[in-house]
Amino acid sequence: MVKTERMQAEEVETAPGSAWLTGAAAWFVPGLGHLMQKRWWRAALMGGAVWICFFVGMAMGGHLFDLEAEGSSVLLQVPPMIANIGTGVLYVVSWLLDYGFKDDPAQAARATYEYGNTFLLIAGLLNYLTMLDAFDIAAGRKS
Amino acid sequence: MRHFLVMTLFAALASVVFGAMAKDTNHERMLYGLKVFAEFMVIGLVLGWILYFIP
Numbered sequence: 001m002v003k004t005e006r007m008q009a010e011e012v013e014t015a016p017g018s019a020w021l022t023g024a025a026a027w028f029v030p031g032l033g034h035l036m037q038k039r040w041w042r043a044a045l046m047g048g049a050v051w052i053c054f055f056v057g058m059a060m061g062g063h064l065f066d067l068e069a070e071g072s073s074v075l076l077q078v079p080p081m082i083a084n085i086g087t088g089v090l091y092v093v094s095w096l097l098d099y100g101f102k103d104d105p106a107q108a109a110r111a112t113y114e115y116g117n118t119f120l121l122i123a124g125l126l127n128y129l130t131m132l133d134a135f136d137i138a139a140g141r142k143s
Numbered sequence: 001m002r003h004f005l006v007m008t009l010f011a012a013l014a015s016v017v018f019g020a021m022a023k024d025t026n027h028e029r030m031l032y033g034l035k036v037f038a039e040f041m042v043i044g045l046v047l048g049w050i051l052y053f054i055p
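Chains as they are written, first to last, in the working numbering: chain L, 1 to 143; chain B, 1 to 55.
Calculated from the structure, these hints are not laboratory results. It should be emphasised that the depicted structure is a prediction, and the values quoted were computed from it without experimental measurement. Wrong hints could be hidden among the right ones.
With beta-carbon atoms standing in for the labels, derived distance ranges [said to hold, decoys possible]:
{"id": "1", "chain 1": "L", "residue 1": "SER18", "chain 2": "B", "residue 2": "LEU47", "range": "30 to 36 Å"}
{"id": "2", "chain 1": "L", "residue 1": "VAL93", "chain 2": "B", "residue 2": "THR25", "range": "35 to 41 Å"}
{"id": "3", "chain 1": "L", "residue 1": "GLY140", "chain 2": "B", "residue 2": "LEU5", "range": "36 to 42 Å"}
{"id": "4", "chain 1": "L", "residue 1": "LEU96", "chain 2": "B", "residue 2": "TYR52", "range": "40 to 46 Å"}
Straight-line C-alpha distance at most 30 Å; calculated DSSO-like pairs for lysine-lysine [as the list claims (entries may be wrong)]:
{"id": "5", "chain 1": "L", "residue 1": "LYS142", "chain 2": "B", "residue 2": "LYS35"}
{"id": "6", "chain 1": "B", "residue 1": "LYS35", "chain 2": "L", "residue 2": "LYS102"}
{"id": "7", "chain 1": "L", "residue 1": "LYS38", "chain 2": "B", "residue 2": "LYS23"}
{"id": "8", "chain 1": "L", "residue 1": "LYS102", "chain 2": "B", "residue 2": "LYS23"}
{"id": "9", "chain 1": "B", "residue 1": "LYS23", "chain 2": "B", "residue 2": "LYS35"}
For glycine and all other residues, C-beta sits at the position ideal for the given N, C-alpha and C.
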């Protein structure tokens, strides 16, 4: 690669510090990354979808994952925990309040238990997408 | 009926995010979101019927 090409590639790959800050804010509070960039509609749609997904999941009796496994391998808890952590402050507050983490047989017997789990996982994964979108906008990679 | 509503809500929320972050214009985003929503619904119903016949 000639020098000018390498310099151009470095210019494209380097994101400003504000983009990383925006990405972190977008992860921590769903929708905040777009709000910081005055993308009101995107913040409402994408952030709102994450918040709704999380609270609907909780209302359906969903279960959040952490590393305290009961009867199963801790390693099996890691992938769903990573998905759950995507919800940022929602996960942190739930963890601090110890809400939604207990393995309660009565809760697991609910017809909507698995749906709730899925909604909680998807809330986190959707917020990762939202975070990447906010980061790309802040870095000038998309409009 | 409740299962169908939950699936519809799931498809709607996911397609809103997919639609909002894809494409270049609002018109294209809306069309893409509707397309993703329809795909979620159709694939969900097809899979549901396939699994119905599997004991």
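Right, here's what the structure says about each hint:
For L:SER18 paired with B:LEU47, a C-beta distance near 43 Å fails the hint of 30 to 36 Å. Take L:VAL93 and B:THR25: their Cβ atoms lie about 37 Å apart, and the range 35 to 41 Å holds. Between L:GLY140 and B:LEU5 the beta carbon distance is about 41 Å. The supplied range of 36 to 42 Å therefore holds. Between L:LEU96 and B:TYR52 the Cβ separation comes to about 43 Å, which falls inside the hinted range of 40 to 46 Å.
Restraint check for L:LYS142 and B:LYS35: the C-alpha separation of about 22 Å stays at or below 30 Å, so the hint holds. Distance restraint check for B:LYS35 and L:LYS102: the Cα-Cα separation of roughly 38 Å exceeds the 30 Å cut-off, and the hinted pair is therefore not satisfied. Taken as a hint, the L:LYS38 and B:LYS23 pair is honoured in the structure, with Cα atoms around 19 Å apart against an allowance of 30 Å. Proposed proximity of L:LYS102 and B:LYS23 is contradicted: the alpha carbons are some 41 Å apart, above 30 Å.
In summary, the hint linking B:LYS23 to B:LYS35 is supported, as the alpha carbons are separated by about 13 Å, within the 30 Å threshold.
Of the hints listed earlier, those the structure fails to meet are numbers 1, 6 and 8, in rising order.
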